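Assemble chain B onto chain A, guided by the hints.
For the record, the sequence lines run as chains A and B.
Take the numbering used here: the final residue in the first sequence is number 294, and no numbers are missing along the way.
Take the numbering used here: the final residue in the second sequence is number 701, and no numbers are missing along the way.
The set of hints was computed from the structure by calculation and includes no laboratory data.
Fair warning: this is a prediction, and the values are worked out from it, not measured in the lab.
Beta carbons are placed, not taken as given, at the ideal position from N, Cα and C, and that holds for glycine.
Take these hints with a grain of salt, some might be off.
Stated by the list, open to error - Using 30 Å as the maximum straight-line C-alpha spacing, the simulated DSS-like pairs for lysine-lysine come out as follows:
#1 A/Lys267 x A/Lys257
#2 B/Lys561 x B/Lys523
#3 B/Lys523 x B/Lys601
#4 B/Lys523 x A/Lys215
#5 B/Lys544 x B/Lys601
#6 B/Lys544 x A/Lys215
#7 B/Lys476 x A/Lys58
#8 A/Lys267 x A/Lys109
#9 B/Lys483 x A/Lys215
#10 A/Lys62 x A/Lys262
#11 B/Lys490 x A/Lys215
#12 B/Lys476 x B/Lys523
#13 A/Lys265 x A/Lys58
#14 B/Lys483 x A/Lys109
#15 A/Lys215 x B/Lys476
#16 A/Lys215 x B/Lys503
#17 B/Lys666 x B/Lys601
#18 B/Lys483 x A/Lys58
#19 B/Lys661 x B/Lys483
#20 B/Lys601 x B/Lys507
#21 B/Lys601 x B/Lys561
#22 A/Lys215 x B/Lys507
Unchecked claim - Some chain B residues close to chain A (C-beta under 7 Å, calculated; not the full set):
#23 Val501
#24 Ala502
#25 Phe510
#26 Asn512
#27 His517
#28 Gln518
#29 Gly531
#30 Phe535
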Amino acid sequence: MSFLRAFKYRRKDTVVHRLDPRSKFLLSVVLMMVSIMFADIRVLLVLISGQLILLFLAKSLGEWFSSLRGLVFFFAVIFITQLLFGGTFYTGIVLSLRLVALSSSMSWFFLSSTPEDIGRAMSVAGLPIELTFSFTMAIRFIPVIYDEFQSIYDTQRSRGLELEKGGFRDRIRNLMPILIPLLVGTIRRTYEIADAMEVRAFGASPKRTTYKPLKLKSGDYIVCIASAILVVSALALKMVYGVE
Amino acid sequence: MVKIAVENLYFRYPEAAGFALRNVSFRIEEGESVAILGENGAGKTTLAKNLNGLLKPTEGSVKIDGVDTRSLSVAKIARKIGFVNHNPEHQFFAEKVEDEIRFGLRNFGFPEETIDKIIQEVLSVFGLEEYRGKNPFQLSGGEKKRLAIASIMAWRPEALIVDEPTIGMDYAQKMNIRRVLRRIVSEGRCVIVITHDVDFAASICERAIILSRGEVIGDGRLRELLSDDELVEKASLRKPFIIELEEETGLTGLEEDFDILSSILMEVFQKCRS
Chain A
51 MSFLRAFKYR RKDTVVHRLD PRSKFLLSVV LMMVSIMFAD IRVLLVLISG QLILLFLAKS
111 LGEWFSSLRG LVFFFAVIFI TQLLFGGTFY TGIVLSLRLV ALSSSMSWFF LSSTPEDIGR
171 AMSVAGLPIE LTFSFTMAIR FIPVIYDEFQ SIYDTQRSRG LELEKGGFRD RIRNLMPILI
231 PLLVGTIRRT YEIADAMEVR AFGASPKRTT YKPLKLKSGD YIVCIASAIL VVSALALKMV
291 YGVE
Chain B
428 MVKIAVENLY FRYPEAAGFA LRNVSFRIEE GESVAILGEN GAGKTTLAKN LNGLLKPTEG
488 SVKIDGVDTR SLSVAKIARK IGFVNHNPEH QFFAEKVEDE IRFGLRNFGF PEETIDKIIQ
548 EVLSVFGLEE YRGKNPFQLS GGEKKRLAIA SIMAWRPEAL IVDEPTIGMD YAQKMNIRRV
608 LRRIVSEGRC VIVITHDVDF AASICERAII LSRGEVIGDG RLRELLSDDE LVEKASLRKP
668 FIIELEEETG LTGLEEDFDI LSSILMEVFQ KCRS
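Next comes chain B alone, as it looks inside the complex:
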């Protein structure tokens, strides 16, 4: 079933001369994992904000479950489509981690007795139990990001948009975020990742939508799109490491999993030696 349908979307910011998005059309089905890729200024975040109703199309339409976003409030859309800002500190205001999660649940009218249960569950799922009473601003970058995602996933939206999830993160933090997002995908929820970290995108998403200067220049299977040299260059991206490795070594079907990267490299070295 189609979750999000974008048709001939044009968007222009009030004071801008040109369109930030031009003739963008695609559909995202339930349970899909999609990476929105592109260089800085390609229109990725603008597109994301159109998908969750923060921005309304200048022309064309964005429909959530068949309903035009123009006729829905941001809160109504947010109940279905969660959005995680690239900067988690833009959402923190509560004194404790648990209260940060409570905020969204209260806004959406969850009963108090259910809220405590949900908080406990979410803290456990996202590995934040030990930080329950801590001030969100005192968490590390990766923990802040996890809390930001946790506080959105608490009300179980049907789709989640995550803007630049790996900015300023070290390897271990990236792995934690990846684990969290993969878990959400495995639950059958739609995950849309906005990033220019192609390795991260390749480790989570099946599909990619590539933007350049506000236009969609590629939409399809991520691995196929990012194997296309011309497209990759046009979008100012680079191939994911896993694809480069396959091309260099002639090996196919390598796991898109950084955790087993060492074993892949061992495989490559052994092949080279033989």
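One chain only, chain A, in its complex shape:
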């Protein structure tokens, strides 16, 4: 679960944090698309380097590095499946780098944008409030659910539960004492939130106003132009130069 740290908003005053969430989202989606388009190690390394610069500007390199530990499990799964199903060590590296590039492209965005900002950006894009609100709540509750998971895990360990004990089936079975209380707690919280929203007249007014309207600034235009350049460059590399 430690990889989730790379998606938890941290309040900081940086140039990246001050950007409009819409321009950041655009760049983030472009970075994701480029990560998927290429299987060339050099391109993926350049892409990751670019994202590291963004993370550096967002003063969030520490969170990103600590989240990498959580990805080790997925790297292992990638390598094992590759070796088992006819892949090579090289494809294992490519897929692992792609995973890093993909997670980083969303990581810097979530690390530097508040859930409220993301919700507002979605509303401005014309999405219904029920959808944007649910999305915002889901993001806001990731750290809460993570804390609850940790507390439940600690409680069950205090009752002698050892997750690392036994074979594969035992390990899966050992997860039940953690997952069931987590699920029950989450469902209960959902009902409580729904009640709390209803008593505060959520949805009563069809036309909603915004406390802080979003406004694109010069930095945001630069990000949008950079995103367009990135798309054109990626297409050129792929189509003109035939990079894989």
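Just chain B, lined up with the frame of chain A:
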């Protein structure tokens, strides 16, 4: 004999800038009843998790029966030091109350024929017999807490740490929990209660360790510590009602027992009248 020895304990959470616990040292003997008191964020739960090995010291040491917790697994420590989470629902997953108790016993390798006997005994001791086949999530707050303690006490740990046992409980539920904990103390087991409910702590514990901003600011007899105005204010606590009553009335040696509170008040009124 020393059960838990904490020496110069410093603890820092991985991403935190400062220490959550600083230079904490104390010893807890077998059979002691200790309240760990302090305001919210003082480090009480962090300390408790260091005592049962869920967290390992950043600096210094915590020793259980002379063995450093760093060299022991959580399960090994849990066999000796039971820990009850402040939220009992964080441990419930079984369909029946009896299975909830069975879980820990199985983890610790108790034979099946003994487990049924223990469950029967524990249900009876904790007054949960009638709920044996009920879903734990359907119990009341007080019953859930009792079940949480029962499911830990089933394997008879030598010490029990209870985190915030009275949160969200009414008077009757508190009394039931108090009765359960006092019984455990009377069996000669070590009980460590983490709370900011000073009245509850005063009704169970002889000793108190008071924390403030991660440091121990008081360690000694609970009644003496909580009679110290300066210390009580520094820890953002208040005096237990029983101590306030003694100070206000000049009466001494009042029983630390809420059950006879009415008789105490009658005594006070009679004194005032005379």
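Practice prompt. Of all the hints given earlier, name the ones this structure violates by number, lowest first.
Written response: none
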